[in-house]
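**Q** Letter by letter, the chains look like this.
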Amino acid sequence: VLARVCLRIAQSVLVWLGVSAIIFFIMHLVPGDPVASLVSDLSDPEQIQAVREHLGLDKPVVVQYLIFLGNALQGDLGTSYIYHLDVKALVFGKLGLSLFLLTWSIVLAILIAVPLGMLAAIKRETTVDQVIRGVILIGNTIPNYWLGTLLILVLVLGFRLFPISPPEHATPLELLWGLSLPAFVTSLALLPNITRVLRASLIDTIGMDWVLLARSKGLTERVILLRHVFRPSILQVVTLIGVQASFLIGGQIVVEAVFGLPGVGTLMINAVRSRDYPIVVGATLIFVILVMLINIATDILVALMDPRARIVPGGKR
Amino acid sequence: VYGRLARVNDDATGMSPDLASSWDVATDGKSITYRLRSGLKNSDGTPFTASDVLFSLQRYQTDSPQKSLLAGRTFTSPDANTVIVTSQDPAPTMLSDVSTVLMYPKAYFDRVGKDGLMKMPLSTGPFMLKSWEPGTVAHLVRNPNYWDQPKPYLDGVALMVVGDSNTQSLKLQAGEIDAAINLPITAAQDFGTSKDVYLVSKALKSSVVMMMNQTNPSQAWFKNVQVRQAINYAIDKTAIIKGALHGYATPMTTPLSVGQYVDPNGKPWPYDPAKAKDLLKAAGYEKGFTTTLLTNGNDPVFVSAATIVKNNLQAVGITVNLQPLDYAAARAAVVTAAGGATTTYEMALIYAYTNDSLDQGGIFRFCCVGNVPPSMSNRTGFDDPAIDALWAQSQIEGDPVKRAALFKQMQALVWDAAPHAFLWNDMSRAGARSKVRNFTITPTSYHPVTNVWMSK
Chain A
1 VLARVCLRIA QSVLVWLGVS AIIFFIMHLV PGDPVASLVS DLSDPEQIQA VREHLGLDKP
61 VVVQYLIFLG NALQGDLGTS YIYHLDVKAL VFGKLGLSLF LLTWSIVLAI LIAVPLGMLA
121 AIKRETTVDQ VIRGVILIGN TIPNYWLGTL LILVLVLGFR LFPISPPEHA TPLELLWGLS
181 LPAFVTSLAL LPNITRVLRA SLIDTIGMDW VLLARSKGLT ERVILLRHVF RPSILQVVTL
241 IGVQASFLIG GQIVVEAVFG LPGVGTLMIN AVRSRDYPIV VGATLIFVIL VMLINIATDI
301 LVALMDPRAR IVPGGKR
Chain B
1 VYGRLARVND DATGMSPDLA SSWDVATDGK SITYRLRSGL KNSDGTPFTA SDVLFSLQRY
61 QTDSPQKSLL AGRTFTSPDA NTVIVTSQDP APTMLSDVST VLMYPKAYFD RVGKDGLMKM
121 PLSTGPFMLK SWEPGTVAHL VRNPNYWDQP KPYLDGVALM VVGDSNTQSL KLQAGEIDAA
181 INLPITAAQD FGTSKDVYLV SKALKSSVVM MMNQTNPSQA WFKNVQVRQA INYAIDKTAI
241 IKGALHGYAT PMTTPLSVGQ YVDPNGKPWP YDPAKAKDLL KAAGYEKGFT TTLLTNGNDP
301 VFVSAATIVK NNLQAVGITV NLQPLDYAAA RAAVVTAAGG ATTTYEMALI YAYTNDSLDQ
361 GGIFRFCCVG NVPPSMSNRT GFDDPAIDAL WAQSQIEGDP VKRAALFKQM QALVWDAAPH
421 AFLWNDMSRA GARSKVRNFT ITPTSYHPVT NVWMSK
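Protein chains in written order, with the working numbering: chain A, 1 to 317; chain B, 1 to 456.
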């Protein structure tokens, strides 16, 4: 397991370097001038140039990247053009809320998807199964910003069940409740897939010989399902969470904006609008690390649960 | 948070006192004597005097990106409550220019520096900063040392940043926030007949024009005044205001929108496609031409307006390709790094002409005066020597009556020369919960929270 983790970490560092270059250059290729959002329309050209030089934006992009990379490797992601504050501190200051929302949406996805998937598998090809599969399809295709606004209109303004976003100094319970709607909308990047994969996998497993054997031993359906069928299937669900992590975070950025949540997503969207490059690049790179950590964590989890996955490619057990 | 010597009054037609209780403009127009209120204090209780004013003015003159505004002005202070601003020549815009300068406390600035001041400013205004979460919320509390007691009435204000205007509107309706500015265009419909929220919709000093680039060699027709006039005739302003703005705008009637010197007798360019066709024919473009209209894709109002413009122009034979870009990208396509016009864009409908000072000269510089160094704010390349001469005269004419006449003349000339397609004057779309009283907005988009109070 340890060797596999080391290999994954080494791979991750390379990927991170690649992503840092891509995101940095893409951001600088996008038309739009960060200096424009810092100076007024009546500023003198000489002053505009001074601001540009102060930010280092007068240098060639490649030089800018190397300076950025050098600083980033020492843990310095630069200073925001707009807020004049350290990017790392800015992002970490808002990461708590975003991580909380991310975790809550994964938990919600599991809480909803696992029973649904099991129900659909047990009642396969019945009306119940059809309805679940239909709802899942809709859940998978619905745009999250649209659903978010709809839920706000119905559940917040109509029934007054939830706040749009939790109050500023919320208790943990208020936070959990206040973030339920955005967490649910975020979880739709994951929930339908878990249900589908779990259903398919359970149906496959139910057809396996060892299940037949278990039945022939006279075990109850309940024991068979939980002990012999569910465990192998859950591996696929864990793997899926790792694979979908990047979609989950991508969706969360939009969801944060729709619900007016002051997380990293909202920070990034505002930064893109004002071309505050250091925040966009810095926040993206921190998200990349997050996705990698989730991937490594799910790998370890799978390895712990399934002996077959403990093999290092080309190595020994 | 910061006070000024004087600020633009509530209908943007003059100045009202702030930290200075009164001022005298010398008869030769070369100096202004400001008298500070007695006993002014910073929010920490330290006295605020003429030396702080001198410091703030001098700092602006050397450090501000708009330092040219105060170039060549000298500042003196005969006593702790008097400040005199002097110019070599008559300077009719000086009163307006000086009042854009925010007043900083010198001793505090010397102690904490520029960054320290930004992080935790001392206040000379009605509120002071308590805490600040960048990009999220700023908590302001009542400044006990504010000069205009018992104002402000509120104990504190939380300024929140909600990125999405629809979310803002929803949060206001849900009661999670008490007031909001820049609501979406559909806010009035969303609010319906609700008793809980009200809309503050007032004329703003902000007007939206469609720019026609006269520096782009492939679009030489825009140099022809008949073509520009034809485009003004061809566009249905009423349809845009109804369709894209849900009625929250008025058609432009002069190059200026609100405030000083606005010609009250101005009339919108009539919607007259037949006349537009005649003019195009007279200009030699009977068969029309093809052009690209760049628009601000972030703002549904601009996208809808651009679509109506496209259809209107199509009807008179001009083919328009719409190009919606996100605001920063659209602006970069129009404005060079130094602030002038790029030679590559064709037509652009991306922003409003607005400024928050009293003087209207700046608006003319944006829209219709050839670029006057050092500012490069005219982005169409339109340049008419007669208008430039009038503008230059207005910058040194000390007599208010003569100056008003110059502005009237300029408005008429610019209106006929049609450097842009003149579209609409903006109205505010701010809203508040009904318990929030006196929440309003001035034409310069200033929200005087000082007078706001809340019922239980």
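Simulated from the structure, these hints should not be mistaken for lab results.
All of these numbers come straight from a predicted model, not from anything done at the bench.
Wrong hints could be hidden among the right ones.
In the EDC-like style, the derived pairs of lysine to aspartate or glutamate whose C-alpha atoms are separated by at most 20 Å in a straight line are [unchecked claim]:
1) B:Lys310 - B:Asp356
2) B:Lys130 - A:Glu168
3) B:Lys114 - A:Glu168
4) B:Lys67 - A:Glu53
5) B:Lys119 - A:Asp86
A few chain B residues facing chain A, derived, Cβ under 7 Å [as the list claims (entries may be wrong)]:
6) Gln66
7) Thr136
8) Ala138
9) Pro150
10) Gly156
11) Leu159
12) Val162
13) Asp164
14) Ser165
15) Gln173
16) Glu176
17) Pro324
18) Ala404
Note that the Cβ used here is the ideal one computed from N, Cα and C, for glycine as well.
**Q** Indicate, hint by hint, whether the structure satisfies it.
**A** Hints versus structure:
| no. | hint | result |
| --- | --- | --- |
| 1 | B:Lys310 - B:Asp356 | 31 Å, violated |
| 2 | B:Lys130 - A:Glu168 | 15 Å, holds |
| 3 | B:Lys114 - A:Glu168 | 29 Å, violated |
| 4 | B:Lys67 - A:Glu53 | 18 Å, holds |
| 5 | B:Lys119 - A:Asp86 | 13 Å, holds |
| 6 | Gln66 | 5 Å, holds |
| 7 | Thr136 | 4 Å, holds |
| 8 | Ala138 | 12 Å, violated |
| 9 | Pro150 | 28 Å, violated |
| 10 | Gly156 | 13 Å, violated |
| 11 | Leu159 | 12 Å, violated |
| 12 | Val162 | 4 Å, holds |
| 13 | Asp164 | 5 Å, holds |
| 14 | Ser165 | 10 Å, violated |
| 15 | Gln173 | 6 Å, holds |
| 16 | Glu176 | 6 Å, holds |
| 17 | Pro324 | 13 Å, violated |
| 18 | Ala404 | 23 Å, violated |
The structure shown violates the earlier hints numbered 1, 3, 8, 9, 10, 11, 14, 17 and 18.
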